[in-house]
Amino acid sequence: MSPVALMQRVQDLKIDWIAITDHNSMANCPAYEKVAGDFGIAFTWGVEIQTAEEIHLLAYFDDHSQAQEFDKLLYSSLLPLQNDADFFGDQVVIDENENIIKLEERALINSSIWGVDEAVDMIRNHDGYCMPAHIDATANSIISQLGFIPNPEMFDAFGITAKCNVEAYKQQVPYLETNSLIRSSDAHYLADMGSGWTKFYVEKPVMEEIMLTVSGTNGRLISI
Amino acid sequence: MILLSEYIAAIDGVNITPVMDAAKIELSSGYVCDMLSDVMGSAKSGQAWITIMKHLNVIAVASMTGIPVIIFAKSSNPDQAVIDKAVEEEICLVQSSKTAFELSGILYQMLN
Numbered sequence: 001m002s003p004v005a006l007m008q009r010v011q012d013l014k015i016d017w018i019a020i021t022d023h024n025s026m027a028n029c030p031a032y033e034k035v036a037g038d039f040g041i042a043f044t045w046g047v048e049i050q051t052a053e054e055i056h057l058l059a060y061f062d063d064h065s066q067a068q069e070f071d072k073l074l075y076s077s078l079l080p081l082q083n084d085a086d087f088f089g090d091q092v093v094i095d096e097n098e099n100i101i102k103l104e105e106r107a108l109i110n111s112s113i114w115g116v117d118e119a120v121d122m123i124r125n126h127d128g129y130c131m132p133a134h135i136d137a138t139a140n141s142i143i144s145q146l147g148f149i150p151n152p153e154m155f156d157a158f159g160i161t162a163k164c165n166v167e168a169y170k171q172q173v174p175y176l177e178t179n180s181l182i183r184s185s186d187a188h189y190l191a192d193m194g195s196g197w198t199k200f201y202v203e204k205p206v207m208e209e210i211m212l213t214v215s216g217t218n219g220r221l222i223s224i
Numbered sequence: 001m002i003l004l005s006e007y008i009a010a011i012d013g014v015n016i017t018p019v020m021d022a023a024k025i026e027l028s029s030g031y032v033c034d035m036l037s038d039v040m041g042s043a044k045s046g047q048a049w050i051t052i053m054k055h056l057n058v059i060a061v062a063s064m065t066g067i068p069v070i071i072f073a074k075s076s077n078p079d080q081a082v083i084d085k086a087v088e089e090e091i092c093l094v095q096s097s098k099t100a101f102e103l104s105g106i107l108y109q110m111l112n
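Same order as they appear, the protein sequences are chains F and P.
Number 224 in my numbering belongs to position 224 of the first sequence; there are no gaps in the numbering.
Number 98 in my numbering belongs to position 98 of the second sequence; there are no gaps in the numbering.
The shape of chain P in the complex, shown without the other chains:
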């Protein structure tokens, strides 16, 4: 287990939902995919979801699967409506300029 705040520091990430306290979110694993139909069926709670998909449906899928945080790779930039919905659903959103490959590698190393 690691804290989301530690991971954000390691990836030069920005918490774009600052009302969500990253120091209180624990990560046990990660999931990397942009197809939401797949994420819905396979992602699990406690995982950081790394994606470039920024459609509003990401929040519903995170909420359904119990994902506490979505990491937007390559500076993928969701609309304000997505950020507002995330706050409402208590899901943290983080943005990083790194690629999904780099983001997964760093998370994997920190967890193992």
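For reference, chain F alone in the conformation it holds in the complex:
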């Protein structure tokens, strides 16, 4: 998705704050952040890590230099396979004007050699926040891969899909606080933008504040 088209759609949908979480890379965050700034949309750097267990784990960063350090380590932890561009498309890194500044050759679709526990440690060591992605999905979710969430307290929050029926789903995961569920669109195409969203009542659009909504601190609110 081109950053300008994406932000235009975000603006049309009256969404105030987005994160992009490409598969195993944050290389495109700088360009999208610049364009988001032009549109007055708050932007958070994120990445969807595919762990050795093929769990999709979301990591978000307020500190961009830490994010870049993390991104380098994540990159070197990816299995060294070439991207098959005919099958998966080219993996491009762009600038804010949509110029291609790099063609990524390593397959980002693949897994990291980090297991989920190791990945969480790496995120924490870089002041990042982490949540397992789309836990109600039947593939690549922590529950599909591991059967159940081994220790929920190791995560900051839990991602759910756009179509998740929270009332019904809560029966399956009674041990998770409703406040810790964050719904997002997981949009891969413009048409999917805004299909899932979460409302946050916070002082400013940073991940640290989202964590305060999860714990309901000082009047912060979250609703899905």
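There may be inaccurate statements among the hints.
Claimed, not checked - Just the calculated beta-carbon pair ranges, DEER-fashion:
id : chain 1 : residue 1 : chain 2 : residue 2 : range
1  : F       : Leu103    : P       : Thr99     : 42 to 48 Å
2  : F       : Ile101    : P       : Ala10     : 51 to 57 Å
3  : F       : Pro152    : P       : Ile83     : 22 to 28 Å
In case anyone wonders, no lab produced these hints; they're calculated from the structure.
Think of the CB as a built atom: it goes at the ideal place given N, C-alpha and C, for glycine as much as any other residue.
We have chain F; now place chain P onto it with these hints.
Coordinates of chain P only, in the frame set by chain F:
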């Protein structure tokens, strides 16, 4: 029925939980899957579970389903914490350099 010890010999496997006596474990069948949500719902006691998944949750799933042994394919190498938990839960862990396909084929032939 075959003995786990016979199967380990046939696959050039190593019992990485030597306190568990493979000559006392009987196998009636096998199950092959890396998604634990599926294994939880479908695996049965008496089956050897062949997988490359090595997260600690494999022990809980084996314990829940009554699986007596996990066969780690392609030399998948669990952490010591996983081995310790297996011993605690009395589940045998075996490692082999063969693929899940080869491991299943050998088990299938021995059982039939």
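Tested hints:
For the hinted restraint 42 to 48 Å between Leu103(F) and Thr99(P), the CB-CB distance of approximately 33 Å leaves it violated. Against the hinted window of 51 to 57 Å, the Cβ-Cβ separation of Ile101(F) and Ala10(P) comes to about 55 Å, which satisfies the hint. A beta carbon spacing of about 25 Å between Pro152(F) and Ile83(P) agrees with the range 22 to 28 Å that was offered as a hint.
When each numbered hint is compared with the structure, a violation occurs for hint 1 only.
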